[in-house]
Amino acid sequence: MSGPLIVQGDMTLLLEVGHPDFETARDEINAFSEIVKSPEYMHTYRMTPLSLWNAASAGISADGALGALEAHAKHAVPENVKTRVRQIIERYGSVEIDKDDEGLFLTAKDEFTMALINADEKASSYFLSPPEGLKVRIDGHYRGHLKQALMDLQLPAQDHAGFGEAAPLTIGLRESCASSGSPFSLRGYQQEAVDLFYASGKAHGGHGVIVLPCGAGKTIVGMGAMEKVSAETLVLTTSITAVRQWIAELLDKTSLTEDLIGEYSGEIKQIRPVTISTYQILSHRNAQGDNAHFSLFDERNWGLIIYDEVHMLPAPVFRMTAELQSKRRLGLTATLVREDDRQSDVFALIGPKRCEVPWKSLEEKGFIAKAKCSEIRIPLPVDMKMAYATSDKKDKFRIASENPDKMHVIKLLLEKHKDGNILIIGQYISQLKAIAAELEAPIITGSLANKKRELLYSSFKRGDTPVLVVSKVANFAIDLPDANVAIEVSGTFGSRQEEAQRLGRILRPKEGDNEAHFYALVTKDSREEDFAGNRQLFLIEQGYPYEILEVADISV
Amino acid sequence: MSLSTALSKMEMDGYFKYENLSLLCQAAGVEEPSTKEEAISSMKAFYKDASNIKSAYLSLPPFESDIINAHVQSGCCIDAKAVNALAEKHGVKNVSKMYFVTPIELFFNHLQGSALSLVFFPYGAMPKEIFDVMKKITPPLKAVFSEYEPTSDCVTIEREGRVSDIAFLARYINKTSPPVTANGMVTKQHALKFAAACGYKDLCQSGATSIASARSTSQMIITSSMLILALASKLIAADSGSAYIGPGASKVLSLPNAEMAKHIFEAYEDAASFSELSCIKGLKAKSKRAKFPEARKEARLILSNCPSGRYIKFKEFEEYAYKANRMFARRHIGAVVKNYGYEVGWEAFESKYLTVYLSLLCALGMADTIWCTRASDYSGESEAYIEAFRLTSSGAFVLGIAGGSPMSANEDYEPKNGFVVQPNFEILVEESESRAAHDLYFSRFLDKIVEDDAISAYTLSFEGMARGLDSGISIEEVATYLAKYSSKPLPSNVSRQLQDWSRLSGRIAVRKVLVIEADDEYLLEEIKTMKGVSDLLGKQLGPSCVIAPSDVGKLKKAIEKNGKFCMEEL
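From first to last, the protein sequence lines stand for chains U and Z. When we follow my numbering, the leftmost residue of the first sequence carries the number 1, and every step to the right adds one. When we follow my numbering, the leftmost residue of the second sequence carries the number 1001, and every step to the right adds one.
Among the hints, a few may not be true.
With a straight-line cut-off of 27 Å between C-alpha atoms, the simulated BS3-like cross-links for lysine-lysine are [stated by the list, open to error]:
id: 1; chain 1: Z; residue 1: LYS1315; chain 2: Z; residue 2: LYS1135
id: 2; chain 1: Z; residue 1: LYS1557; chain 2: U; residue 2: LYS394
id: 3; chain 1: Z; residue 1: LYS1554; chain 2: U; residue 2: LYS385
id: 4; chain 1: Z; residue 1: LYS1128; chain 2: Z; residue 2: LYS1291
id: 5; chain 1: U; residue 1: LYS82; chain 2: Z; residue 2: LYS1448
id: 6; chain 1: Z; residue 1: LYS1188; chain 2: U; residue 2: LYS74
id: 7; chain 1: U; residue 1: LYS393; chain 2: Z; residue 2: LYS1089
id: 8; chain 1: U; residue 1: LYS394; chain 2: U; residue 2: LYS418
id: 9; chain 1: Z; residue 1: LYS1234; chain 2: U; residue 2: LYS385
id: 10; chain 1: U; residue 1: LYS472; chain 2: U; residue 2: LYS370
id: 11; chain 1: Z; residue 1: LYS1512; chain 2: U; residue 2: LYS82
id: 12; chain 1: Z; residue 1: LYS1557; chain 2: U; residue 2: LYS385
id: 13; chain 1: Z; residue 1: LYS1201; chain 2: U; residue 2: LYS396
id: 14; chain 1: Z; residue 1: LYS1512; chain 2: Z; residue 2: LYS1448
id: 15; chain 1: U; residue 1: LYS74; chain 2: Z; residue 2: LYS1484
id: 16; chain 1: U; residue 1: LYS396; chain 2: Z; residue 2: LYS1554
id: 17; chain 1: Z; residue 1: LYS1488; chain 2: U; residue 2: LYS396
id: 18; chain 1: U; residue 1: LYS385; chain 2: Z; residue 2: LYS1484
id: 19; chain 1: U; residue 1: LYS393; chain 2: Z; residue 2: LYS1564
id: 20; chain 1: Z; residue 1: LYS1488; chain 2: U; residue 2: LYS393
id: 21; chain 1: Z; residue 1: LYS1234; chain 2: U; residue 2: LYS74
id: 22; chain 1: U; residue 1: LYS202; chain 2: U; residue 2: LYS109
id: 23; chain 1: U; residue 1: LYS524; chain 2: Z; residue 2: LYS1564
id: 24; chain 1: Z; residue 1: LYS1488; chain 2: U; residue 2: LYS37
id: 25; chain 1: Z; residue 1: LYS1561; chain 2: U; residue 2: LYS394
id: 26; chain 1: Z; residue 1: LYS1315; chain 2: U; residue 2: LYS365
id: 27; chain 1: Z; residue 1: LYS1188; chain 2: Z; residue 2: LYS1128
id: 28; chain 1: U; residue 1: LYS109; chain 2: U; residue 2: LYS122
id: 29; chain 1: Z; residue 1: LYS1315; chain 2: U; residue 2: LYS396
id: 30; chain 1: U; residue 1: LYS394; chain 2: Z; residue 2: LYS1554
id: 31; chain 1: Z; residue 1: LYS1564; chain 2: U; residue 2: LYS394
Hints were generated in silico from the structure; no laboratory data involved.
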């Protein structure tokens, strides 16, 4: 045994990156495990019930998964792991939901499983009649709720009941972009993701999640799915900026025209054959405490609902989604990991993972930019040291974040990347305003009207504005295709997604060397370093190379 | 007794044959001298020429020749039983009714007048000079062992390759510093915990296969043997009521398995303070000058004549040991007595000694053992005994039977590259020959996040480095260790962080100093300018504060909680 994989008794897998069989092993284990961290030398994966059920739904058997483990293992695969993998995978498919002329019914693989479900108060409450042998009639309205209850029993259901009739809508993909005229087609992995999701229109397809890294074109996969389904579509995303980005992309790359696309947001309430909305507005409650905008789901006979950044899906939308099981559902995300650990709800209600492409393989193929992360440590000016030393923790962080000597380093970096499109991202508005004033660069903060923001984004895209100073409003779903440098002058270590999103701003493929640079400016020997340490850890565990530099190390 | 002494003690016409110098001369075919001095001189000349001794041996009748062979083969320890057995074999009858005779006296009594053998026993014993010659002439004692078939009601303990259990034991002790009893054994509770974690087979001295039923750790045959070996090799130490990692641990744990077994075995063999008798209920050496290491070396010689790789009956081995060197232990340890004071024989001493010896070898993976149970002769209680054993290949290597292992011993052995330092500050130590050494090093100050059969993982953190500094491990030392043994290049961010920590680590210290105190700074300045004073003053205390001695620990913790290293230099 000399493979690159160490299989641990706790179901984690350690994969040696430098091993000649790394890529083969990675591609195989990726199908039934989820990546936990991917620092330079050894990547950690974890096999969970969900990852194994995702694999089972893609047709991977226990023998297949164990065969892959054994083929690549450096040491013997622990016996408990073998047993557990078998037990978990065998649970998938022990319950099936189907449909006949009389409606929906559930079938259990054996009497024990049926007894288990029948004994569960919640699951059995969705039965229309007592079980007859291994079969029981279920209430179609509660198909999603039943699937959630079955997940609680660790019995993932295979849903073959299919979908209802939807309002048709012809959606085609353009051969060239409307805005630039440049040729357009789906990349191989995007097409594969669409095909795996759609499954030639069969009942076992049409619901599930596609996992692609930031910058890999999740929106385009969504458009590919829309073309396949060719029905009226509701797209739910994270912010109004993202809504408009979707609209711009649909107009640019599909046959849809403006009159067919609606924006349903806090500002505009259009309901059209393709409607784009936000999770925020759908979660909004009126004075009576009701979700006033849930009616959007019933306004049209949607054939497809797309959940953009599905890991952000809020609880109220989950509840609603449970009742939308007769609609095709597509989740798009860069990570299945949720801060609230509700991955099993995503599995039960949206569907299993249909496709995941490791970002490293996309980077190798040039589909996303190679990101270089650097932390630059800048000493605090001597005259600020006493003020820093005598401040409390919170003020210490602020003083360090607003270290005025960072300005000098920003200028050095602008000089270094003078032909680049540079984003300067920060936490403190006063600091950002000072930087913007010093550099005579435009600034985008939360208080800037959306229209003005759009104008600045467009100018940045065209290259008319090479440097843009942005507050954290730029974290999510803005598409800045030509940004190749991000300089973070201050920031807190927020959620894992926020950090990934921040870096994601610069990951889209670049012309030329296809490189992107992420700089974090940090005050040396200060509390800011602790936070930088967390960020460093996160980015390293995502697999990005990370170096620590002194000011003197910056070569212009 | 030397030859000269023996000859000088003999009389020209002694009372017994073996005291009669004239008869000795006759037996040797030397012309009878007129004076004792001449006789001694003639006999010395006779013995000086080894061919004379050889000729004398070759001319012996079969019975005498067999006696001489048996005597030499037993290391000059033939016993009366053997003499009588050979006499019976050769149809020789003892006519004398003398009692309380030595085996050699018994032999001469059997000879009924023949005196040829007298050449070999001047003054009743075989002097070293003659023994040395005879050892080369007489055929060696053949170690013949029959085939052994294990029976189902016995417990087989096979431990080839399990010397790593002892490394695991050291790690366990390092982590837990368990309490120990007066004899250096960890408490039963810890022994059970360790044995369960390690998952090896053990049994009680009573023969029970569940060691939970043992009254104490000493009754767990393999566990107690491992502890004895670990203590003897200084892998662990026990003091002030608890066990901790020993001074020799780093070196021992860095060795490959076969070398580790060899090192531990040799350390045990040389351990003067350990007595196998402490493992045998009720026995103690009469002499305070017992040389246990010498006895072990003799036991090793006996064992090295056994075959490896196949089971042999302990009974047959014991018989062989008895014939080959029945005094192997007694010669160095002296008389061994029971608690109530009477000297015990082979069954109670040497036979039990060999059982302890094989148990230790079994713990080291040098021997596999098969244990059965019987009622004790003394107490009637159930006791486990070795029914059979076999030397393993590593046992054969250590004893020098199989021609040695491909791995050679190296005093300067250093751990091999066996871990990876990841840029996220994780250190992954993979299963390898060096794993135990690296584990030991890191576990002294780092937090272990994973321990699996195949890998251990640690996190390099500020807190860990602060612990390292407290235990005298400098950050530079850690950086050097990581750079030296990491299989992959040390990530630049980790290396940079270590440099930063190193830079920051000496900045805050709590240390003891004497101060000269003045009421105000002017007075201090005045003192400083006084003639003969300035040379006596050290650095003026700058950024320093007076603290209460009782607050040192609290202060250090508080400073470290705020992310700054603080050295205690008191």
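So, going through the hints one by one against the coordinates:
1. LYS1315(Z) <-> LYS1135(Z): holds, 26 Å
2. LYS1557(Z) <-> LYS394(U): holds, 21 Å
3. LYS1554(Z) <-> LYS385(U): holds, 26 Å
4. LYS1128(Z) <-> LYS1291(Z): holds, 21 Å
5. LYS82(U) <-> LYS1448(Z): With a Cα-Cα distance of about 26 Å, the restraint between LYS82(U) and LYS1448(Z) holds, given a limit of 27 Å.
6. LYS1188(Z) <-> LYS74(U): It is violated: about 36 Å lies between the C-alpha atoms, which goes past 27 Å.
7. LYS393(U) <-> LYS1089(Z): violated, 98 Å
8. LYS394(U) <-> LYS418(U): Given that 27 Å is the threshold and the Cα spacing comes to 35 Å, the pair is violated.
9. LYS1234(Z) <-> LYS385(U): violated, 51 Å
10. LYS472(U) <-> LYS370(U): holds, 23 Å
11. LYS1512(Z) <-> LYS82(U): violated, 60 Å
12. LYS1557(Z) <-> LYS385(U): holds, 23 Å
13. LYS1201(Z) <-> LYS396(U): This hinted pair is violated, its Cα atoms lying about 58 Å apart.
14. LYS1512(Z) <-> LYS1448(Z): Outside the cut-off at roughly 34 Å; violated.
15. LYS74(U) <-> LYS1484(Z): Distance of about 24 Å is within 27 Å: holds.
16. LYS396(U) <-> LYS1554(Z): Judged against 27 Å, a Cα distance of about 23 Å means the pair holds.
17. LYS1488(Z) <-> LYS396(U): violated, 37 Å
18. LYS385(U) <-> LYS1484(Z): violated, 38 Å
19. LYS393(U) <-> LYS1564(Z): holds, 14 Å
20. LYS1488(Z) <-> LYS393(U): violated, 38 Å
21. LYS1234(Z) <-> LYS74(U): violated, 33 Å
22. LYS202(U) <-> LYS109(U): Distance ~22 Å between LYS202(U) and LYS109(U) Cα, so the pair holds.
23. LYS524(U) <-> LYS1564(Z): holds, 13 Å
24. LYS1488(Z) <-> LYS37(U): Answer holds: LYS1488(Z) to LYS37(U) is near 18 Å, not above 27 Å.
25. LYS1561(Z) <-> LYS394(U): holds, 16 Å
26. LYS1315(Z) <-> LYS365(U): violated, 73 Å
27. LYS1188(Z) <-> LYS1128(Z): violated, 49 Å
28. LYS109(U) <-> LYS122(U): This hinted pair holds, its Cα atoms lying about 20 Å apart.
29. LYS1315(Z) <-> LYS396(U): violated, 79 Å
30. LYS394(U) <-> LYS1554(Z): holds, 23 Å
31. LYS1564(Z) <-> LYS394(U): holds, 17 Å
When held up to the earlier numbered hints, the structure conflicts with 6, 7, 8, 9, 11, 13, 14, 17, 18, 20, 21, 26, 27, 29 and fits the remainder.
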